[in-house]
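Engineer: Protein chains in written order, with this note's numbering: chain S, 1 to 659; chain L, 660 to 734.
Just so you know, the hints here were simulated from the structure itself, not pulled from any lab data.
C-beta: ideal position from N, C-alpha, C; glycine also.
Among the hints, erroneous ones may be present.
[As the list claims (entries may be wrong)] Quick partial rundown of chain L residues pointing at chain S, CB under 7 Å, derived from the structure: (1) Q686; (2) V689; (3) P695; (4) H705; (5) Y707; (6) I711; (7) G716; (8) V717; (9) F719; (10) A720; (11) I721; (12) G722.
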Amino acid sequence: MAMKVVALAGNPNVGKTTIFNALTGLRQHVGNWPGVTVEKKEGVLEYNGQKFLVVDLPGTYSLTAHSIDELVARDFLLKGSADVVVNVVDATALMRNLFLTMEILEMGLNNVIIALSKVDLAEKHGIEINVKRMEEVLGVPVVPVNGKEGVGLEELKEKIYEMANGVLHERPVVPKYDPEVEREIEHITGVLQGTPLAEKYSLRWLAIKLLQRDDSVIKLVLRHLGSEKLDEIMGHIAEVEERYKRAMDLIIASQKYEFIDNLMHRFVRYTKEEGESFSDQLDSVLTHPVYGLIALFGVFYLVFKFVFVFGLPLQELLDNAFSSFGEWLAPHIANEALRGLIVDGIIAGVGSVLSFFPLVFLLFLALSVLEDVGYMARAAVVMEKIMRKFGLPGKSFIPLVLAFGCNVPAVMATRTLDDERDRLVTMLVNPLIPCSARLSVISFLAAAFFAGHQALTAVSIYATAVLMALLVAWLLSRFVIKGEESPFIIELPEYLIPSWKTVTLHSWERSKEFIKKAGTIILLGSMAIWYLSSYPVQMGTGGSYAERLGMFFEPYMRLMGLDWKAAVSLLFGIIAKENVISTYGIIYGSEEAIVGAMTPLQAYVLAMVTTLYVPCIATIGAIRAESNWKWAAFTVVYMIALASIVGIIVWNVGSALGY
Amino acid sequence: MIVPLNSLRPGERGIVVNILGGPTARQRLVGMGLTPGATIQIIESHSYGPIIISVGGVRFAIGRGMASKVMVRKL
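Model the full assembly from the supplied sequences, consistent with the hints where possible.
Structural biologist: This is the structure:
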């Protein structure tokens, strides 16, 4: 027997993920909804010996057709794919949350359970909810749940079990509108009666969506009714709008809120006047245009400090462990070619990438904490005005910060931007932000050539890269991906102490990509590097394929003061940026030998070009997956051009100044 | 007096009477509870940057451009 399906629906920031984690534990799977890049999370819940497939729908405020997230959630519910719908409702923002509840109930669903979250917080604000009355008024089961402390979970599971097995029935309330609007609804349902639509959908729902001029419903009805009848309906709607002097979707929405308000009077009591909360006081500093910016720099300084203080020793430890493992393994493999492939190719290549895992994980851990605490929304507010100057929204700040860890999850994180154009621009400039792999190249060269001025060297390269990212964003949004500025509105959730389970799971999910990449693309790449540098003769003699390839590019490299060795290194760096240094190591026999072979200016150019030139293969793949081949290719081309220009300028200016 | 939301000062309140602008932006505001009839209070508003507002006990930051499309009756 197929598993019964439980769908989790709710607004963003209501604790849906915490409840999802509490229901499913570690048995989760993250993928994509078919055809769109919206994350689909599934997990398995076991109760009373029965297994349920729990599907986490995207967090949305309503179910219109105006964003992919909403369409995905709506189609899932509309198709009747769920045996039970758990609607997570935030007790501190009942009115707004019940708006979504009403939209769900309006679809004609009668298998809804409300999981009421943040009840303790609501009580602190003086919001008293009579759960028993709420159940009666709404006609659906209501279970107060605190996912973090596990309160109410058993009862929720019990209710899910009963509803899935037909034991529990409900008589849900459905919003009622003004007589004039109701007459329109009745008229439209009358017209739709008798069409095949009547078997598949709630006609009342279709009528209301038509009134709201919902694009996808208009198309659906057009197919069954023809344009003549549809035009007549739309004509009616325009008349009503004329009388109300407002757009129909606004009329429906405000009457729905009124309806909810009347319901709420019957089960909610307010015992306190709303005053300035602790969150507000914190916000008056953290969202302030000046103090907020200072706080932002402070917070991210601490994040990077945390990541490097704890991450770098771990990285070294892992790096040593991999090379010791290689040394230990080498004598055990008799075949020379095979030994080279495994020890110098796979273990050295994959190991050098994997050793960065602690840094990536810790960065995502810190950022997940900031997200769960509620700080990220504030960061977006502070950055909004500044980012707009470069054609980006404040929210794009988050994926760009993630990029300092690894560009792959950062590119995926652009999904949080609801405007397609913002998302594309953020994605395309993302690879310009130096990831931790490029940090390893920058810090190696800085230490080798600029002892005493390492920090300054590194900072100058980082600053150039960030500046370039902003410049390219500005150019792209101005000349290439033109469009209207997306409207800015973001919820500022109350500051919360994060749930450690949610935070660690989330960081693991994001950093997992990094390990996956090490096991696939880096593995293949390391083998390719090893082959190109070992055949037909060993690298270092000038006769290997890799060196011949490098010499082919040498005339071009000379424009920025670099030679064929740099060309080979940069070529291999496309697979993983760390390879730039390790390739030099192979050519010279040891990484330290690089010092005598270059001038500081050449080293600086190399570091700069490594930072800017091409996204690594995994990032190119991520951009392709999130947009298409065209944009991935575009990114590669513009970055090569940009890196060449910057490289040539730095080399020529540096030489002219006598460095 | 009916004025755009961005003209209110911190502490002032208004009731939404209409939302101008395209359906996408309008629907986003509506879903978040900014609908005709809702009371909005300005929490923070500086000379530049988004405005912090309170609607139904929830805080939002709204860009000045978008706020100028929300028409309110000043209370």
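Engineer: Each hint should be assessed against the structure and marked as holding or not.
Structural biologist: We went through each hint and held it up to the structure:
1. Q686: Given a least distance of 5 Å, the restraint on Q686 (chain L) holds.
2. V689: Where the cut-off is 7 Å and the nearest Cβ of chain S is about 4 Å from V689 (chain L), the hint holds.
3. P695: Interface hint status for P695 (chain L): holds (4 Å vs cutoff 7 Å).
4. H705: For H705 (chain L), the interface hint holds, since the closest Cβ of chain S sits about 5 Å away, which is under 7 Å.
5. Y707: Holds - the Cβ of Y707 (chain L) comes within 7 Å of chain S, reaching about 6 Å at its closest.
6. I711: Holds: closest Cβ of chain S sits about 6 Å from I711 (chain L), inside 7 Å.
7. G716: 6 Å, holds
8. V717: Holds, about 5 Å.
9. F719: This interface hint holds because 6 Å falls under the 7 Å limit.
10. A720: Constraint on A720 (chain L) satisfied, holds at 4 Å.
11. I721: 5 Å, holds
12. G722: With a closest approach of 3 Å, the G722 (chain L) hint holds.
Violation of the numbered hints given earlier is absent; every hint is satisfied by the structure.
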